[in-house]
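Chains G and X, in that order, are what the protein sequence lines are.
Sequence positions in the first sequence follow our numbering and run 1 to 288.
Sequence positions in the second sequence follow our numbering and run 289 to 547.
Some clues are possibly wrong.
To be verified - The following residues of chain X were derived to be distant from chain G, with all beta-carbon distances above 10 Å: (1) ASP342; (2) ALA380; (3) ASP384; (4) LYS402; (5) THR489.
Unchecked claim - Simulated coverage check for chain G against chain X, where a stretch passes if three residues somewhere in it have a Cβ under 8 Å from a Cβ of chain X: (6) 66-77; (7) 205-215; (8) 221-228.
Hints listed in this document are in silico derivations from the structure and should not be mistaken for laboratory results.
Only a predicted model underlies this, so the values are computations on that prediction, with no experimental measurement involved.
Using N, Cα and C, we set each Cβ at its ideal position, and we do this for glycine too.
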Amino acid sequence: MDGFWIILSGTLIAISCGLLGAYLVLRKMAMVGDAISHAVLPGIVLAYLFSGSRETIPMLIGAAVLGVLTTVLIELFYKQARLQIDASIGITFTWLFAIGIILISVFAGQVDLDQDCVLYGEIAYVPLDLWFTASGINLGPRTVWIAATLLLLILTFIYFGRRGLFITTFNEEYAKALGLNVAFWHYALMGSVSLTTVVSFESVGAILVVAFLIVPPATAYLITTSLKPMLWLTAFFGFLSSLGGYFLAVWINGSIAGAMATVAGIFFLCVWIFSLIKQKQASIPFRA
Amino acid sequence: MNDKTAIEAHNLTVSYNRRPVLWNVDFELPAGQVIGIIGPNGSGKTTLLKAIMDLVKKSSGYVKLFEQDLEEVRERISYVPQRESVDWDFPASVMDVVLMGRYRKNKLLKRLSKADRDLAAEALEKVNMLEYSNRQISQLSGGQQQRVFIARSLAQGADLYIMDEPFVGVDAATEEAIMLLMQEMKKEGKTVVVVHHDLQTAKLYFDWIVLLNTRLVASGPKDQIFNEALLQEAYGGKLNVLSKVGELIKEKDFPVREK
Chain G
1 MDGFWIILSG
11 TLIAISCGLL
21 GAYLVLRKMA
31 MVGDAISHAV
41 LPGIVLAYLF
51 SGSRETIPML
61 IGAAVLGVLT
71 TVLIELFYKQ
81 ARLQIDASIG
91 ITFTWLFAIG
101 IILISVFAGQ
111 VDLDQDCVLY
121 GEIAYVPLDL
131 WFTASGINLG
141 PRTVWIAATL
151 LLLILTFIYF
161 GRRGLFITTF
171 NEEYAKALGL
181 NVAFWHYALM
191 GSVSLTTVVS
201 FESVGAILVV
211 AFLIVPPATA
221 YLITTSLKPM
231 LWLTAFFGFL
241 SSLGGYFLAV
251 WINGSIAGAM
261 ATVAGIFFLC
271 VWIFSLIKQK
281 QASIPFRA
Chain X
289 MNDKTAIEAH
299 NLTVSYNRRP
309 VLWNVDFELP
319 AGQVIGIIGP
329 NGSGKTTLLK
339 AIMDLVKKSS
349 GYVKLFEQDL
359 EEVRERISYV
369 PQRESVDWDF
379 PASVMDVVLM
389 GRYRKNKLLK
399 RLSKADRDLA
409 AEALEKVNML
419 EYSNRQISQL
429 SGGQQQRVFI
439 ARSLAQGADL
449 YIMDEPFVGV
459 DAATEEAIML
469 LMQEMKKEGK
479 TVVVVHHDLQ
489 TAKLYFDWIV
499 LLNTRLVASG
509 PKDQIFNEAL
519 LQEAYGGKLN
529 VLSKVGELIK
539 EKDFPVREK
C-alpha cells in the first residue's frame with residue numbers, strides 16, 4: 001500500500017509539473033522552476049520568524065510570495081535591464097537564496113531551522129503523514145490530497161487558458177498586436193509554476209520537482225509535432241518515471257526521489273536515441 | 289468615418305538606450321494603396337512598424353490609424369512580424385498558427401467556431417497553402433513559413449496590413465505570390481504597408497514609398513520618390529557599386545545566417 005501512495009503522489013505531482021514545464025521549455029525558461037525552488041528560502045525563514053512556528057501554512061505562504069517575487073524580478077531584469085533570460089534567472093535566485101542563508105545565520109540563535117528539512121521534503125515519507133477526519137476515518141496520505149487538488153487547478157488553468165498560453169508562448173509580439181494581455185498570461189503561468197513548485201517540493205523534494213518540470217516535457221518535445229500530444233505524452237512520461245523510479249528504488253534500496261529523477265533521465269535518453277534512429281531511417285529515401 | 293488616411297505619424301521619436309532609432313518622423317499614408325517603407329539597414333524600419341503597433345515605447349509623438357487610436361481600431365489592423373522572430377521548431381501545425389488570426393481578447397477562453405475555421409482555411413487557400421494545413425511548421429521552407437504568417441494575418445479580416453520584411457529569405461515563387469496577393473488586396477480596398485530593403489524591386493511592388501533613415505527622408509507616390517537626390521540622401525554614400533557587392537554577398541550568405 002505504501003508503494004501505491006508513493007507512486008500515486010509522484011504521478012500527480014509529475015503531471016502538474018510536466019504540463020506547466022512544457023510551456024516553460026517552449027518559452028526557453030526551463031530553469032525558472034529551479035530558481036523558484038531556491039529563491040523561496042528567505043520567504044520560509046521570514047515566515048518562521050513572524051509566525052514563530054513551523055506550521056506548514058505560513059511557510060507555504062512565505063514561500064509562495066517569494067516564488068512570485070522571483071518571477072517578477074526575472075522579468076524585470078530581462079525586460080528593463082535588457083539582460084539575457086538565463087543571466088537574469090541566475091542573478092535572481094542566487095541573490096535571494098543568499099539572503100535566505102544570511103537570515104538563517106544571523107537569526108541562528110532564534111531559528112531552529114534545518115534548511116534541508118524545511119525546503120526539501122522526501123517522497124518516502126508520504127505514506128507516514130496520514131489525514132484523518134474528526135471521527136478518525138483514515139483518508140490516506142495528506143500529500144495525495146494536496147497533489148490531487150493542485151493537479152485539478154493546473155488542469156483547469158491549462159484547459160481554459162490553452163489558447164492564451166499557446167499564442168503568447170509561440171509569438172508574443174503578435175499576441176500583443178492582437179490586443180491580448182500578454183503580461184497576464186505570463187504571470188498566470190509563472191504564478192502557477194511558483195505555486196506548484198512550492199507545494200510539490202514540500203512533499204517530494206526540490207530535485208524531483210525540477211526534474212519533473214523539465215525532463216518529461218523535454219522528452220515529449222523530441223517526438224511530437226503539436227502541442228496537445230506533447231502535453232499528453234508529458235503526463236505519460238511523468239507517470240512512467242514515478243512508477244519506474246519507485247521500483248528502481250526498491251530494487252537498489254536507495255532514494256526514491258533520486259530514482260524517479262534518474263528514470264526520467266533514462267527515458268529521455270532512450271527517446272532521444274529512438275528519435276535519432278527514426279530520423280536516419282526517414283532520411284534514407286531522400287539520399288537515394 | 290474618414291478613411292482616406294490609413295496611418296498618420298506625428299513627431300514620432302523612438303530611442304533605445306537613449307540613442308534615437310527614429311527621429312521626429314512625420315507622415316500621412318493614404319488608404320487603399322500598397323506602401324513600401326524603404327531604407328538602409330538600421331534605419332529604423334522595423335522600429336517604425338513596432339511603434340505603429342504600440343510594441344515599443346515612443347519617446348514622443350503619436351500615431352493615428354484611420355484617424356483613431358490603435359486601441360479603437362485594433363480589429364481593423366493586422367501585423368505580420370518578421371519570420372525569424374519566432375521559433376519554427378515549435379510543436380504546432382500550419383492550421384494551429386493560422387487560427388491564431390481568429391483569437392480575440394474577449395473570447396480567448398471560448399472555443400473557436402466553425403466560421404473561424406472556415407476563415408482560416410480560406411486564408412490558407414489565398415496563399416496556396418491549404419494542402420499543408422496539417423503539416424508541422426518545422427517542416428516548411430522559408431517561403432512557406434512566410435505564407436503561413438501572411439495567411440494568419442489574412443484570417444484576421446483586417447483593413448490595414450502591416451508586414452515586416454515579408455520578402456526576406458523567400459523563394460522566387462513566394463515573392464511573386466505575395467506580390468500578386470498585395471495587388472489583389474489593394475483591389476479589395478485594403479491598405480498594405482510593407483518594410484522592404486531592395487530598391488530594385490521596390491519600384492515594381494509599391495504605389496507609395498516612404499524613404500527612411502532614422503529621420504524621414506521622403507514620403508510620396510513612387511514616381512516622385514525615385515530620384516537620385518532623395519535616394520542618395522536616404523542611403524548616403526552607400527549607394528555605389530561596392531555596397532551592391534556587399535548586398536549580393538549578404539544575400540548569398542543568408543541561409544547560413546538563418547540557422
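Cross-check of the supplied hints:
no.: 1; hint: ASP342; result: 8 Å, violated
no.: 2; hint: ALA380; result: 6 Å, violated
no.: 3; hint: ASP384; result: 6 Å, violated
no.: 4; hint: LYS402; result: 16 Å, holds
no.: 5; hint: THR489; result: 26 Å, holds
no.: 6; hint: 66-77; result: violated (count 0)
no.: 7; hint: 205-215; result: violated (count 0)
no.: 8; hint: 221-228; result: holds (count 5)
In terms of the numbered hints stated before, the structure departs from hints 1, 2, 3, 6 and 7, listed from lowest to highest.
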